[in-house]
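Asks: Read off the chains here:
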Amino acid sequence: MNSLYFLPDMPGVSIAVWIVASMLFLFLAKEPVHKMIQAFSDATAGGLRKAAEWMKHAAHAMREKDRKVLLESGVARIQGEIQQEFSKIDMANTKALAGYPKLQFKLADRISQLESDYDDCGQITPEAPGWSEVIESIGRAQSPSNDRIIEKMLSEMHKSAVEGEKKALSEFRDATSKRHKILSSMSPLWKRVDKVAKEINGKVDKVMENSKNIEKYMKRYEKISSAEPESIDMLSSKVTKLFIISAIVIAVGLVGAFINFNLIALPMSELVPAGVRVAGMQVSEVSALVIVSLELVMGIFLFEAIGVTNTFPQISNMTSGKRKIILYGCLLGLLFLSTVEASLAVLREDLAEAKTALDISLSGGTAAFAENINSHITLIGQALLGFVLPWILAVIAIPLEMFIEASQHAFARIYTILITLLCYLATAIAYLIEGLFKILMHLFDIYIIIPVQIANLFTGKMGNKSVSAT
Amino acid sequence: MKRENEMHTTIKHGLLALVLATAVASCSDSKQYETSYCSLVDISGTYAAEKPNVVNTVKAGIVPQMIPGDSLFFVMIDSNSYSEDNLVTKLTLDYRPTKANSQKLEVARKLDAFGKGKARSNLTDISGALMLCADYLKATKSGTKVMIVFSDMNEELPKGVVRKFTEDEFDGIDIVAMNIIKLNKDSINPEVYRKRLDQWHQRTTKSGARSWNTLIDATKIPEYLQQVKS
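Chains as they are written, first to last, in the working numbering: chain D, 386 to 855; chain E, 1430 to 1659.
By construction, these hints were calculated from the structure, which means they are not laboratory data.
All figures in this text were calculated on a predicted structure; none of them were measured in a lab.
Worth double-checking, as some hints may not be accurate.
What the hints assert, rightly or not - EDC-like cross-link-like pairs, simulated, lysine to aspartate or glutamate; straight-line CA separation at most 20 Å: (1) E:K1528 x D:D735; (2) E:K1593 x E:D1564; (3) D:K566 x D:E550; (4) E:K1488 x D:E738.
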């Protein structure tokens, strides 16, 4: 430090000389220093601003891409729903209309029966002979000649006419009674016709109702296709909800997988005894992990074959026969694995008991305690757990598909939020840096204020002189 | 043409198998996870009476902590301990738990027999026993090597017996002295006892021992072993 003093005996003077010298130097270098500070400010704050701009663009691009994906998937989903509804309606209509010709035939049959009955009723019945007057006149008629033969003839005629009238009346009554009978038998027929008509009416109503459903779906389709912000928000909220729910279900499933793994890891060491380790795990543990993973894979293929999930288009495009083969294969595989797990769980219990007994024996006790704790309930419980857990694990295939579908949107949102936050952060830092450089520039100006003011005095005098000269 | 195609397919399959085998091999872990234990039991002087206690401590404190793949050596400290005759029993646990259990029972029986035996010695060659144990432990190539010394740590070598540790004698070995019975001179002046233990500490650590500890409470063995393994 002392070497920097011009006059070692007078450090104050030396420092003052240094300050004045530096002031003069910096005053002379004012412009380049300003430029340098500005360049630093531009390089750092400007760079950050550019980065923030890029992040803003990236967030926007990602938001737009996500919007498109959401819209596409939403439209595809609603199309699928409409298609499903159409197939439902098709099935319902086929079912409803399949009985329609039968009903129509029934109705036609009833109507023709009614017609024939009506015709029967409408047949000209033997009219009541209008003979009474004739008979009366015949009865009153007397032979003018009092001819006995004519009289007899007339009486015979009267008699036969009366008999004929009686017969005709009887026939008329018979015919009328028959018509009444027919008419009375027509009443249930009318009821049946009414019932058939109501059935037809019900089926037509059902078809109309189905059509209303289609209308409802079509309205939704139109709303989504219009890509309005509300519909995008609705789709986004739906997908986010799906993501959260599926993530929770998967987390629960993973806990189940962990329990399952622990249940079979120890007995697996009895089946796969090896000292080699893979990534810090014993071979038996790796084998247990493989079994648990296989159960999950079986579940995925099982639900794919049933048609619940649609992860592998190759499987969903297969014929139903081939899908059935996969389905039965997976069912058998799961049954086999769950049986293996149940037996491993039993073995695990045996090993645990043996270890307890051994530890007691090594510590100088007797195995009596071990015998006391021997319980069939634990054994049955573990075996059941070993059998059931693979089936429960297999069901994870459903939320897994949902999770994969929804994760794209969720990750895009997380990415967008993060990048937007970074963008704001970069902008804020850029402001801060700019402010700091401005302060630095002001400090610099303050430091050289004395030479600047002196220079201003001179330039002012010079200016005044030049003004007075002019 | 057909044969050529078949050959190509075979080569492809071979390459695929090679890639898979390499992937599996690269995944397999080279780290040694096994632990080897060597228990040294002093049978000289007054400590000989402690044999049954030591056997019980080993049986209840060390053997249950052993997992498949672990090894145990049981060495007695007598007048000249650097000899194979001093190895009472040794054991490497099988990877099958049932087999390992029966091995543990077998070794427990051998230890019981030793505890009931009348083997005694006049002098105490602790260094020779430590060297013998170090040889056995190094031969196992286990990841963790532990020596548990049951002695008063008062060495008395016969004339002519030389015990000098090399610099890497106890390389990677954790040594713990347990159940150290205090001698009369220790009771008179605890400094003697402390100095003796400190000397052992210096000697072992200078010869590469990873750690030197003393344990009074036998129930702390599992805790100590966990600490050493981690």
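Asks: Next, verify each hint and record whether it holds.
Replies: Each hint, compared with the structure:
no.	hint	verdict
1	E:K1528 x D:D735	holds, 13 Å
2	E:K1593 x E:D1564	holds, 14 Å
3	D:K566 x D:E550	violated, 24 Å
4	E:K1488 x D:E738	holds, 18 Å
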